[in-house]
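Asker: Sequence:
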Amino acid sequence: MKFLNRLERKLGRYAIPNLMYYMIVLYAIGLLLDLFAPGFYMNWLSLDVYRILHGEVWRLVTFVLQPPSSNLFFVLIELYMYYSIGRSLEAMWGSFRFNVYYFSGLLFQIVAAFLFYGIACLVMGQGMIYVSTVGIGSMYYVNRSMFLAYIVMVPNATFLMSFIIPVKAKWLGIFYGILMGYEVIFYLTRYGIKGGGPYALAIIVSVLNFLIFFLMTRNYHQISPSEMRRKARFRKKMNDAKWDSGNIVEFRGRNVITRHKCAICGRTELDDDSLEFRFCSKCDGNYEYCSEHLYTHTHVKRVKGNTEE
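In our numbering, the protein residues as written are 1 to 309.
A few of these clues could be false.
[As the list claims (entries may be wrong)] Heads up, simulated SDA-like pairs for lysine to any residue below, C-alpha to C-alpha not over 25 Å straight-line:
(1) K194 / L115
(2) K2 / I16
(3) K170 / S88
(4) K282 / L294
(5) K170 / L208
[Unchecked claim] What follows is a set of in silico ranges between Cβ atoms, one per label pair, in the way DEER data are often shown:
(6) L7 / I174: 30 to 36 Å
(7) G195 / F74: 34 to 40 Å
(8) F73 / K2: 42 to 48 Å
(9) F3 / G266: 58 to 64 Å
(10) F103 / K170: 50 to 56 Å
For the record, the hints were derived by calculation from the structure and aren't laboratory data. Here the structure is a predicted model, which is why all the values come from computation and not from measurement. Yeah, the Cβ is synthetic: ideal placement off N, Cα and C, and Gly gets one too.
With the sequences and hints as input, model every part of the structure.
Answerer: What follows is the structure in structure tokens.
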């Protein structure tokens with residue numbers, strides 16, 4: 001938290017406001033390329049470490065053009081959802097922190113791709129060989145990480161599944177967590193390390209980005225033992241004050257704490273809705289009286305620690 005605060009003070013002015021608007025534009029460009037030039041993204045723009053090391057360094061940036069899907073209908077729905085979620089997170093966190101979260105997700109994908117490529121070369125005992133890392137640079141998992149962040153921030157938000165069934169965000173979060181774990185196992189068991197490793201690693205680093213960001217931004221003072229003891233003592237004092245206030249009466253077979261109680265007759269607002277209660281400014285102490293006894297009672301005076309009426 002302190003690190004992000006310092007970083008925001010120094011670099012906050014460089015944050016990109018409404019970042020998701022620009023990302024949606026890039027996705028739209030990627031979708032048009034996919035529709036009118038199939039294969040162009042995979043051959044020239046994807047996050048392919050082997051080709052990056054051979055001079056195609058633009059791939060470090062252009063891999064973000066990957067559209068969420070090739071189905072136009074579902075792409076439009078996903079883009080609208082990502083834009084809404086991104087704008088909501090930016091409104092809650094501020095532009096700088098949302099920028100940090102989103103760009104760190106992209107950076108994690110790039111680092112993971114290079115690590116996977118390097119480990120693959122070492123394991124095979126060869127120099128610079130071709131190993132596909134395209135699956136790691138998947139914007140699908142970057143955006144899913146953003147969706148997980150939204151679920152944590154607004155767990156009771158409601159989504160309409162199939163535009164009909166309302167589902168709480170927290171239940172979707174549990175479902176997505178299970179689904180992502182299943183996908184990691186599926187890719188590794190079905191395609192092996194070489195074929196499924198990039199996709200499994202893309203999922204892992206997206207979750208890692210989510211966990212690191214939220215672990216860094218939590219206020220751990222709230223859950224420290226001393227703070228929890230302080231809160232427990234405070235709650236005990238508040239409860240004791242309620243039960244010692246004298247405003248406890250029996251009403252319909254149970255004890256009830258009332259808001260008003262006459263110091264003379266003991267009547268409360270539960271006895272008569274038309275009763276009015278006032279505190280007496282001439283009494284020493286908080287003495288409350290009903291309208292019948294407000295002007296007829298004997299004033300309470302305290303002299304040298306003793307009470308005289």
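Asker: Compare the structure with each hint and give your call.
Answerer: A quick look at each hint next to the structure:
Of the supplied pair hints, the one linking K194 and L115 holds, its CA atoms being roughly 13 Å apart against a limit of 25 Å. Note on K2 and I16: the hinted pairing holds, with a Cα-Cα distance of about 21 Å set against a maximum of 25 Å. With a C-alpha separation of about 16 Å, the suggested pairing of K170 with S88 holds against the 25 Å cut-off. Of the pairs offered as hints, the one joining K282 and L294 holds, with about 11 Å between alpha carbons and a cut-off of 25 Å not exceeded.
Our distance criterion of 25 Å between C-alpha atoms is met by K170 and L208, whose separation comes to about 19 Å. At roughly 32 Å, the beta-carbon separation of L7 and I174 lies within the given 30 to 36 Å, and the hint holds. The given range of 34 to 40 Å is broken by G195 and F74, whose C-beta atoms sit roughly 25 Å from each other. For the pair F73 and K2, the beta carbons lie near 46 Å from each other, so the given range of 42 to 48 Å is met.
For F3 paired with G266, a C-beta distance near 59 Å keeps the hint of 58 to 64 Å intact. Under the hint 50 to 56 Å, the C-beta atoms of F103 and K170, about 27 Å apart, miss the expected range.
Consistency note: the structure conflicts with the earlier hints numbered 7, 10.
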